[in-house]
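*Asks:* Residue numbers (the numbering used here), protein chains in the order written: chain U, 1 to 518; chain X, 1001 to 1165; chain P, 2001 to 2266; chain F, 3001 to 3467.
Hints are computed from structural coordinates only; laboratory data are not their basis. Possibly wrong hints are sitting among the right ones.
[Stated by the list, open to error] Listed next, the in silico DSBU-like pairs over lysine-lysine satisfying Cα-Cα at most 35 Å (straight line):
#1 F:3365 with P:2074
#2 F:3401 with P:2190
#3 F:3460 with X:1162
#4 F:3165 with F:3365
#5 P:2074 with F:3321
#6 X:1123 with F:3262
#7 X:1075 with U:222
#8 F:3288 with X:1062
#9 P:2063 with F:3448
#10 F:3027 with F:3099
#11 P:2063 with F:3321
#12 F:3345 with X:1075
#13 F:3198 with X:1126
#14 F:3262 with P:2074
#15 F:3061 with U:343
#16 X:1155 with X:1060
#17 F:3071 with X:1081
#18 X:1080 with U:202
#19 F:3448 with P:2140
#20 P:2218 with P:2166
#21 F:3385 with P:2124
#22 P:2117 with X:1076
#23 U:343 with F:3098
#24 F:3402 with P:2117
#25 U:222 with F:3262
#26 F:3401 with P:2070
[What the hints assert, rightly or not] Here are some, though not all, of the chain P residues that point toward chain F, as calculated from beta-carbon distances under 8 Å:
#27 2050
#28 2051
#29 2054
#30 2065
#31 2066
#32 2069
#33 2070
#34 2071
#35 2072
#36 2074
#37 2076
#38 2078
#39 2119
#40 2121
Predicted, not measured: the structure shown is a model, and the values here were computed from it. By construction, the Cβ of each residue, glycine as well, lies at the ideal position given by its N, Cα and C atoms.
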Amino acid sequence: MSESTQTGINKFVGNLIGIKDSFLGSFLRSRSLLSDRSKAAVMVNNFFLHVQGAKTHINTLRPTYTFGMGLISLYLFFFAVISGVLLMIYYSPSLENAYDSVKDITNVVFGGNLIRNIHKWAGEGMIVFVMFHMARVFFTSSYKKGREFNWVVGIVLLVLTFILNFSGYLLPWDQLAYWAMVIGANIAGSPAEITDILGITKYFDFGGLQKELFLGGTVPGKATLPRVHFFHVMFLPIILVIFLGVHFWRVRKDGGLTKPDEFGPAPVDEKFLALPEKKGGIFPTNKTYGLMELAHGKTPAVDKDIENTVLSWPNLVWAEFAVLMLTFAGVFVYSMYINAPLKELANPLIPENPAKAPWYFLGLQELVSYSAFMGGIALPTLALIGLGLIPYLDREPQHVGLWFSNKQGKSVALQSFIVAIAALVGLLAFVVNFGWLRTWFTDIPQVAIILVNPGTLWVGFVMAWSLFIIKKTDSTRMGAIALFTMFLVSFVILTYVGTELRGPNWDFYWSKSQWPVH
Amino acid sequence: MNNNACCAHKDPHKKEPEGVSRRDFLGLAGIGVAIAASFTAIAGIFRMTKATVHYEESRKFKIGMPAEFPVGTIKKLDDKKVFVFADTEGLYAISCICTHLGCIVSPTEWGFQCPCHGSKYNKDGKVIGGPAPRPLPWLEVSLHEDGNLVVDAAKEVKKGTKFTV
Amino acid sequence: MEGFSDKGIVRTIAGTCVIFLLLFLAVTFHKTDAYGEDGSPALGKKVYEERCMICHGASGDGKGLVGVIKRSEKSGRVLDVRPRDFTTGVFRFRSTPTGCLPADEDLMRLVDGGITKSFMPPHKDELSLDEKKAVVAYIKIFSERWKEEEPCKAISAAKPKWLGSKASVEKGQKIYKDMKCWECHGDDGKGKGPKSNELKDDWGNQILPFNFTAGSLKRGANPEDVYITFTAGLDGTGMPSYEDSLNEEDRWHLVSYTLKLMGVVK
Amino acid sequence: MHRRFYLKLLLVSSIALLAFALLAAYKEINPEWKHYQNNYKELFMKNAKDEAMKEKAKAFKVEVQQLYIEKLNRADRCVSCHIGVENPMMAKAEAPYKKHSGDYLGKHPLSRFGCTACHQGQGRATNKEEAHALEHDTHWEYPIVPLKHIQSSCAQCHDYAMLEKNGADKVVRGRKLFLEKGCLGCHKVDGAGGILGKALDGIGTQPRAYFPMRYIQGERTQSAWHKEHFLDPRAIVPESEMKASINDEEADFLATYILALKSTEMPREYRRIRQTETPDMSGEALYKKYCIGCHTTGRESYFDEIFNRTIPSIMNPALLKSADNQYLKKIVSEGREGTQMTSWKPTAAGLTEQEIDMIVEYISKDRPAAKPEPFDVAKFRADVKRGGELFNIRCALCHGKKGEGELGINLKNPVVQSADPEFLAVTVRDGRAGTPMPPFGKDGVGLKEQEIADIVSYVKTLSQKKL
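When you get a sec, could you build the whole thing from the sequences and use the hints?
*Replies:* Encoded structure:
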């Protein structure tokens, strides 16, 4: 019975019965997921899935290539945002209630303590995995031709992650928060040291401006908490999401993850791919159409998957879903057993001793303990610029997609690793035992200490070393590897020194048990 | 500019001055003003974030009558973050906010020690160790008309200036 | 915390050994140059009357015009301090064995340095050497013993190397317990032992045992002085001499433990 | 069947997540206080005698209990564990189910006061360790007040007269001790008191981090700190000059009173300060308040090891014989600069003129009738140089070469420098009976009057000598 002759009622009932299929069809926009074409369609037409291509290279699905670092960082960001939003229900950013509201979250709100822990550890986890992700991208030289700017976007994301974490632990308004604000604001204000030396502070007090913008006054107080809350909850996340978008879009435009030039699927790959459902039939694949795919190679490939790729559905989707659940389980279990710290209520009269930032800023705190401006602003900015320029200074196209490029890469990395440990530990031991310029010549002008301090010496040494490697190996890639390895080593060593070996008054102690009780 | 602008073709032969045509001028002016407007807006936004009023107690405060500070007193006014000393030459106040990154220094037998990054000062506030860029500022001590001693934490004086009652 | 590099440690040890040697030599030589016996009695009388009589009294019996001075210790105990009574010839800070008269050097040292917590002022730069000799000679007239008895030989004290070592301190602690020092000086050395309240000196006045944690010893804090106190005892007070009941090595162990109580040794 | 790695990874992670999620859920629905409340419910049902009570016991709902007190801005959840605090049937139960002792809850209903207003501790916490906050790592500034010091919270609303009548003996005893041990001699409270020690306004609400805990043996809380500090001040604060001979029991009472000196006031309508009793303005009470700490009975002078100086006997008849009240008042008002004797005038230690007069009057109550033999110093032509030599021989021994004083009193301070020369001369001549100062005149050392006049003139020049 054609449509027109049916009575109104029949039409209505018919639609009612068929609502399941019609709705599903409209929602999934694809019919049965058997043929390649429908599997590709599912990827392309779905709003969430279309962030990945219809087909994925086999190398991408090898866990040992990327270890899923970028993905885990993304998922951690998701969990941080979700738990963050939930916390916003109970947290109130006014001076009087901030601390009490956090206490209420941890004590009374159902699952409150767990959500707060998840928010904290997801945030800090992001730092860990973003650093690993950067290291992976670097060591597989995935910043070469075409992907340079994406590396720079990555650096911006790294900085945003750090600042988001920093603004995060200021919100509970406990002792750690208050003194971190005081120190953070004064680091922001430390350019005043330079403008003082140049004598132009009266006209152009850049440090003072930054400090004022952050604190809303000269001392952390009523105006500071709402500002930090605005930065942490609205301003920074939005910027981070924008840059994330750019980051993913560029990864896709640059053709997905990098892959080694000569790539052959190894038997081990079988484990990471979905088995073809189609058991028999002429074509080994489910190809039912003559879709001409864009092939990069010179010879036309017939009946062979183009460029060692497989359909994203279900391979990549399974992989990503598995990593999602792995990350969620990881954060969840960690948060169940380890509580986010919450110190005493902020007390502007009694600083903590030692006043230690969370672990990821202790490397910086060690540098800051030599000179506020140099350790706090100049050296970190220099490091970030140095990192950002790597893709523009090392443009050798070979060995993309191979860890450490080649055997020489591995040896340079190892060499730099050992030299970095020896030199930095030596430098720190010297500073701890014999002090620095100020202890030898008390009347030395401050500008000398700003310019010549363990921080600047170390950065100078790292740069000299990588230039030396470039001269020796005649390859900018090797120089980059040396530089990056030393950056990672110094981050780790300075963080360890700051965490384990520094005690009250930032003095040197071999172990926490030696700290004098005060 | 030729006057019948609406439909006349530009006469190629007549040498007109190499100026900006009306349409270009309008376009340029439009863009220029748009940029100016957006910059003003942005400047306004930034100016808005600069707090005009600070919720902080005034940094000039009374610390009590001179007699409360006989010779030999060493007093730390906790909530004002100032040390007040009285010796035979007179009264003087040293700020206890570390010039490095703003922590509160604590007194020791050889001077002052900052708990945050290890800056060390001698008894006069001169830096003798650690990253502090400037000595602890000496603050101006004066006498209020009602006889109370007043310390102005915003006004730094030369080291060694002592206020005699 | 300023640690020393290896080179630094070697240099400092060598330096201290040299200084110690010189000190040791100076002390030994210093002792032999004996004081002259004479010093005119008239000068002695004049100095005694001007400076000493006011406390030690005209007849040297310690009952001068000043009389008793009350001293309130840090621990809250109030102590009557009385000037020394010369008539009995009994002195505490001697370098001669117990029961003997002090050697002239002892008296000279007391006049020079004074006794810190007993209000005996130092006269190092107030009196010339002659005046000091004169007054030391003059106070001998108050007691017949100076005429009858021969002065004894001073005790020599050579500091052993292992003084203050962990083992020595532990041995000293055992001796401190066995010899019942804690009865007067208390377990923690604060001078509040069970018998510390009913102690009397030879003149029947209450006297309190020394509080090691209060720091300055009257005779002087270097180990040799402590050793001499154990060996010679403080005549006139409850502090006996351990010359015969403890051999020399044990006494030095006791010195180590005392230094630990005083916080001189870790 | 599927050897696929990712599916297995997905399976394992999801199972782990599910398991821990259930575990978390279980932990979330079985908090510590629920265990206490269940026990309480059983106890309640056991103790319930009549039918109505049984009904009520059965209907008891187990949930977080919170007392939110708007005016005090406190949200106390102590009753989540101390559930039977208002239930008379729980009188004999052991903690935490025990009914509140006495009928305090009658007069101080929970709904209006909550618990932390008096007991302190962390009201918002829902487990014992954080609520009592005795440990340092609970990061809470106001640990629970031990019961022996609980009366320190009563003084926030009640005046001491009322407290005395209603059995708050500990804090009342503490206050009496505080006023009789001369604590105000060195500590300023409400603007009146000495300046040698820290001002004690608001000491009761100082956070835990304010107190140096380096040498504390016992618990690291404010009350334990005060107790140990009273027993041996120098053991806790090495450079302290605190002179306190306080036994164990007194230390408890004093600690209770010290904790009662709070800086935060309860709101107006809570306070029951009906009539503040007129402070005892008698000379003796004032003497006990301010002077007894150092001068003790005022009868004997002794050399104090802590101040490293002799503390004069201010009620010694020998002193009163030659020093008139006007001179004594000057000493009390101006104090002796360079020594621990603080200046007590209104603009310094904050005593009123009238109080100073009362003290001087009390001090001089045993003034003997006989006047000392006059000594007309003016008629002698003083030879300061000769006076100096005599001073160095006779006086420097005790008063120090520059008169800064140690066994002898400090002669450099303005009060002595501006004292009446005859008073000084008489003192040198007759000495000060009952103190180590001997008579230097004819019935003592035997100096001639001319020599005494020279000494006095030299003493007057001592203030120019730099310390």
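*Asks:* Report the numbers of all earlier hints that the structure fails to satisfy, in ascending order.
*Replies:* none
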